[in-house]
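> Chains as they are written, first to last, in the numbering used here: chain A, 1 to 415; chain B, 1001 to 1515.
Do not take every clue at face value.
What the hints assert, rightly or not - Mimicking DSSO-like on lysine-lysine, the simulated pairs with C-alpha atoms at most 27 Å apart in a straight line are: (1) Lys1170/B <-> Lys1114/B; (2) Lys1204/B <-> Lys80/A; (3) Lys1265/B <-> Lys1233/B; (4) Lys80/A <-> Lys1205/B; (5) Lys407/A <-> Lys393/A; (6) Lys1233/B <-> Lys80/A; (7) Lys113/A <-> Lys322/A; (8) Lys1170/B <-> Lys1113/B; (9) Lys1204/B <-> Lys1233/B.
To be verified - Chain B regions said to be covered by chain A (calculated; three or more residues, Cβ under 8 Å): (10) 1216 to 1229; (11) 1383 to 1393; (12) 1419 to 1428; (13) 1477 to 1491; (14) 1504 to 1515.
Keep in mind that the hints were calculated from the coordinates and are not lab data.
All C-beta atoms, glycine included, are put in the ideal place defined by N, C-alpha and C.
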Amino acid sequence: MGDNDQRSACHECDDYRISRRTLLRGVIGIGATTALFGTTLVQTAYAAAPVGNVLVVVSLRGAADGLSLVVPHGDAAYYKARPNIAIPATKLLARNGFFGLHPNLAPLMPLWKAGRMAAVHATGLPAPNRSHFAAMEELEDADPGSAARIGWLNRLVGRDSSTNVLRGMGMGMSTPITALYGPRATVTTASVDDMSLAGAQDNPRRTTAMRTTWGAAPGEIGRGGRAALAAVNAFAPVRASAAQPANGAKYADDDLGRALAASARTIRAGVGVEVIAVDHDGGWDMHTGLGTLEWGAMLRASQSLSQNLAAFYTDLGSRGDKVTLVTISEFGRRVKENANYGLDHGHGNVMFVLGGGVKGGYYGKWTRLAATDDADVPVTTDYRSVLAEVVTKRLGASTATVFPGFKPVTVGAVR
Amino acid sequence: MSEARAAAPSPAAALPATLHHTARTLGKPAAAVKAAVYQPISILAPEDLHLVNRFTGGWTPALGRQIAAAGGAAGWFAQQLSASAPDTFYQATAAWWTSNTASTSTLLARDRKKTEPIWEAVANYERWCLARRIHSERQVLETMTAFWENHLHVPAEADAAQYFRASYGKTIRALALTSFERLLQVAVTHPAMGCYLDNAQSTKKAPNENLGRELLELHTVGRESGYTENDVKNSARILTGYRVDVWNTWNVRYDPTAHWTGTVKVLDFEHPNTAADGQAAARAYLSYLANHPSTAQRIARKLAIRFVSDAPSSELVDRLAEVYLANGTAIQPVLLELVDSAEFRAAAGAKVRTPDEDVVATYRALGANLRRPSAATPAANQILWQTTALGMRPFGWPRPDGRPDQAAAWVSVSRMLASFQIHQDMAGGWWPTAGVTYVQPAARLPIPTIAFGDFVDHLSRSILGRPATWVLTKAACDAIGCAPTTTITAAHDVIRWKMPRLLTVFLDTPTHMTR
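Next up, chain B with everything else stripped away, as it sits in the complex (with noise of 0.2 Å):
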């Protein structure tokens, strides 16, 4: 992907004789004048960059010391899908904030009491996520469950639903590696989702359809499968009697009373459904969609579309829904099969960062190390902010689609210079400030005495896991006005003062806003 990147080698004239020289020499490691004290750092073969790029939230140095100690990318990527790998993070970070371990009754006494409104509780679990995408050992795991969050969306602020969020959030998380089918399950029946898309105040005698519409159109078969409003009519009467009272007492229950009762059918799925306890119904009917063919297609063209690139190929589609139906909705051996396959290894550097994943890139880019939240305005709760600034927080999104995974939805004018924002607060340190650790400039240097060239490539590492090229060292010229060949000390201006103006310049990349 580096190859892509770089710019088409240009007319000399075109280059400064200083800048021309390094260009050449940076391809040649261990040469040069200054290769006898500039040792570049190891990093991965550029297909390993890919799909680390592609299954966490970036790479860091420490990952790449990860993998080298699990014998290479795909013994890590195996490591990370095994349930028994240790997941220290997640479970010592759980308390940082008191809502995502809190009970519904808590959760509604503290709003109540206007210790935490319920709008924080949610927002303190999408902060929870964040930190977990950037420091969580559990990489692939953090970055299936935002795919599956997304894909079974619930939205941050959707009213009554705010109070099952957390809940809702870490039940996906525990099956994001599982089977789509046991995901479903949970998932529709769950109170956030009841509360969000009205099932749980559906009743027998008028079934609310939005559930019942949307379980069909976004969770499983799509339109394409063709079903019928009438369908779509019996989807929400087999979803009744799954109530929460909502505004009241908030119990949760299954209530054989409100269950629409009589033949049901729904595609070829058909149910005599003849028990006021509608939930053996309710399942076989979740089960039959999480199998159907059509569902395979668009869980499969999902993955291909987050994983892959914004327009995989209709064999790759048909390939990738066969295993999932092959192994009974399992999820492992999908993602198996699509990092396999030489569309994925061609795809390097295709997909934009989407506005939460240039923020949690930006912070393992840069090394910054979130705390426990204790000061007034820390990091761990800023980072949601960060995500807003840059037009979407982890589940902002408005409407039960989830967020847009495609390059157009995510390149228009704000968002650009939001990012570019974004990246100038955090290379300078300057938002936010409290209760994270930035790398300070001197450290930076990995040597006491540095060509500026060799300084840019040894960032360039570091920062985007890659040797720089020549537009980088260029465009890093041009923004502290340095040739490469200039003498970088600690004291040098770029230490005491520039390294925010020339952080931004690996920030502020193609390289860096796409995976």
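Same shape as in the complex, but just chain A (with noise of 0.2 Å):
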């Protein structure tokens, strides 16, 4: 972070103390070099035990463009690095001295507006990883002291001697992400309906039969089908329950819509699920085509996510009032666009975090962007300490065991 420091001459603290009056406010000692954005008030004590709480963790797979989505109008670089891609500070919502939202994400600015709605900026990996897959394995398995492949999400739900099957769960995927890999068992489906087996519902036969063949069947193709044997029953209640979107969310007709109108299914139901994973192969990794506000992956992308983010908190009603969610990518993209409308690989990215108890606005530390070739966001906040604030405050669970030897600092984006 060196040399970004020295490149923060401060002038974007200048711009932003113009008209976010709010700044200093409850923040002591901020170095020379950095500000924090954020509306930050009295830290407020939160309830000592919360129960029926959920995460909800939604990846934005390939990498989203965090400039893009939380544009830093303030600071002129972006401009200067983006002739092309970049967004007018006018076409900008909810704009302050600082950063603007995209316009597609109006669909969130009843959340954003109604203070359910916090933007973290500047997130990212401790040291920049260029790569996809060892970024994605690095940060979902978030630990780095350890060989063992484990990933955070399955820490967390493996914290305490909870044995319900479906606590942790991975929505809209057959495959489980790293960040659910690990000894404590979870529950991957494509969907509500996959959740059933095959032949049994006319047949007591079957089950008996599927005992037999796998009640002691070794290795992990075992597990494999004790697990689902196991999850049909559990996940009954979700299967009788109505299918239609309540509050008339309108999902979007893609993936995330479907992933996530399923979690909302499946949190109404009550059947105990704490943490949901969904992915979002949004076709984030725009290393061409990005666009513009006219054309390209970047408004499609982002009105999926709007749509679907907005339907689901619709959709859950006053229960979104105890499900949290994040949003997170593997990196950034680069601060300069390349000859062809895209950002290749960068570093630090923005992280949303949504619904129940949080504190919305602007958070992060910012560090003047350079407009080089190389030039990344710098990461200013460990991603972890984002993710660490809703674990320890949403679900009572403890740094040390979700997040080994991390030492978060406070973000302040969740009460």
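Build the complex from these two chains, which are given one at a time in their own frames, with help from the hints.
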């Protein structure tokens, strides 16, 4: 971070102060080289024993461009580095003196205005890693000191003696993500309807025969077979529930929409789900054709994201107060656009935190961007600090269990 | 492996007396009451079944006869590796779908006219791959084609790459048993890969890093080789020039004006790269990468994970890597070394079948024969949706690292339940129904009158290539409500309407779902 700190002469701080009087309220000891953005007020005590709270983690795979989603219009380098794809400040939503949201996030504005949506900028892995795959592994394993392939969501749902098979789920996917890998059994399913045993509805012998086959079957396949038979039972209330989204929620007709609709239905059915992982393979890896406000991949991806997240909270209604949703990417993208209206792999990114317990607004320390070919968004907040805040305050988990050896810093986005 | 799969002997008290009796007598061929009539079909020795399970779409009695005709598994494997082996099914089925033999301009025209949207053309290529994996006589070639198509992965839904996808796959197949260097040279410069990883639009002014990076990270040396971000940049620079005029004329050409010139260095590779035509530099670079020890390790490990176990020993990987390097990246010597290893022989049943492998194996196990698609929803087309239902069509993995190949990825609740559903659909002949020939229930009776226990053994040999175990026999009894001694004829419920229930007992097993 040394170089980045050097560059940060804090012009942006000045810009920001002009328009955002709340800047320094409640913030103590900010260094001269960085500024803290946020609506941090007085830290309120949180309820000691959260019950029935749910965490939904939406992974924006391929890596979203955080600078397009939450635009630092107050940083001149953003416009210098992106002559073709930068979004004009006048088009931004929820604009303050420094940041603004992509116009396609309009469906989320009711949540934003209600103070139920936070954007934490310049988050990411502690060191740059431009490989999708290595970055995803590191991000989701989240235990750099250990060679064991255990994901942070697996540690989270395995933190105590709970044996509910549906406590941790991957929704809308057939292959469990790395964050769910590990010794604690979790359930990954493509849809609600998939959670049934073919042939068992009208034939009780079927289940008996399957128990004979799978009861002592060895290896991973044996564990998989037994988990499937157990999960079908536990999931029955969800299958019996209404498939129609509630409160007139309108999801997009895409994978993310289906996964979030299934998640809301599962949460409503009260089967004890606590953690749901959802993937958004929404074409975020925009090396080419990220585009502008008239055309391109960012329009499509941001529309899907915002419409679906908004529909999810509409669907949940008042239950949404118990459900906290976090978005995450394996890395951010380069500051400077390439020759194809696209962006190569970068480092820092934005994380959105929505719903239950969220204190809305912009968060994160900002270091002035550079407009050079290789410039990244410098990471000032380890992504684990954001996640740690959610899992400790909302789920009552300990940071030491979920992120071994990690010392989080306070972000302030969750109460 | 059947020993490992069978449950440990249970206390006799847990076993119905009739079942206990049969379980014992089943172990003695040509014994017991019905033995005079029931003749078990011949199956392979366990080690040969293991080879077959790893290098084909799955056991069939017909395959057993081919292996016998070849003088055994080793002779059969050598035949399969030979370039001159007959390839009739591939040739005969290339025209089952127009798109698989069409040029890019034809694909474009058909896409524009909506006679065949491009996604459908790619879907047809995947269907052809699945049909070949079921029925091709070149089973080992199809297996290796699938391996390389996954290693050098270009997803089915990769926008511009779709117009070149079938061509890409056929190119890989033609080289799948040659050398990795030949494969790499052709794959990396192919317009499908260029379009997918953006090299087709890369310029000398701003080389696009996508392919240059994945070439190092995924296709060849891997991150452990220690390349730097500067190496990635140079990798991208070397590859500039292989252009496709996407979404316009679609011309594929090497454009010297787009090639970045100047000295390049990647790891220990250096090239002056002075010529505007950088193809020689690119060839030298790809050759260097293919022959790099880190690439040897990467390919060796990937082969070992595919064909041996999820966690192969470093000794085996090292040995395969040595053979790879000693033979100029030739593939066949590595495969022969692999199947000759004790580690391979000890790994029977240790791999979970991926979704596409499950569907292919299910067709083979049931003796379901695809026909040329002509009906509205023929099986040869529906088969793609069957793999989708299981969570992964052949080239559906959305990222360039190719679909995972270890058990943890393929034993999710969703996948297990979806497999059970597909097994039932096919056991009943309920989906797909058109363009496929299923074995009729009565035709599964080896003799007109047979004890249920013997019938289970017969089906186990036909479907799974091995004798019935105690657990399998018990599960069949549970599923149908028969005892092993129950007499089965064509008039019995098992034949008249319960056959789907019985067949799922064989398909919904760890045995069928592993290889």
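> All hints are to be evaluated individually against the structure, with a verdict given for each.
Okay, the hints, checked on the actual structure:
Using a Cα cut-off of 27 Å, the hinted pair Lys1170/B and Lys1114/B holds, with the two alpha carbons roughly 24 Å apart. For the hint linking Lys1204/B to Lys80/A, the alpha-carbon distance of about 21 Å falls within 27 Å, and the restraint holds. A distance of roughly 10 Å separates the Cα atoms of Lys1265/B and Lys1233/B; the hinted pair therefore holds under the 27 Å criterion. At most 27 Å may separate the alpha-carbon atoms for a hinted pair to count; Lys80/A and Lys1205/B meet this at roughly 18 Å.
The suggested pairing of Lys407/A with Lys393/A holds, with an alpha-carbon distance near 15 Å, which does not exceed 27 Å. Restraint check for Lys1233/B and Lys80/A: the C-alpha separation of about 22 Å stays at or below 27 Å, so the hint holds. Restraint check for Lys113/A and Lys322/A: satisfied, since their Cα atoms lie roughly 19 Å apart, inside the 27 Å limit. A distance of roughly 25 Å separates the Cα atoms of Lys1170/B and Lys1113/B; the hinted pair therefore holds under the 27 Å criterion.
At most 27 Å may separate the alpha-carbon atoms for a hinted pair to count; Lys1204/B and Lys1233/B meet this at roughly 11 Å. Three residues within the 8 Å Cβ limit are the bar, and the segment 1216 to 1229 of chain B against chain A gives 4, so the coverage statement holds. Taking a C-beta to C-beta cut-off of 8 Å, the segment 1383 to 1393 of chain B contributes 3 residues in contact with chain A, enough for the three needed, and the coverage statement holds. With 5 residues having a beta carbon nearer than 8 Å to a beta carbon of chain A, the segment 1419 to 1428 of chain B meets the requirement of three or more and the stated coverage holds.
Only when three residues or more bring their CB closer than 8 Å to a CB of chain A does the claim for the segment 1477 to 1491 of chain B stand; here the count is 4, and the claim holds. Counting residues of the segment 1504 to 1515 of chain B whose C-beta lies closer than 8 Å to any C-beta of chain A gives 7; at least three are required, and the coverage claim holds.
The structure agrees with every numbered hint stated previously.
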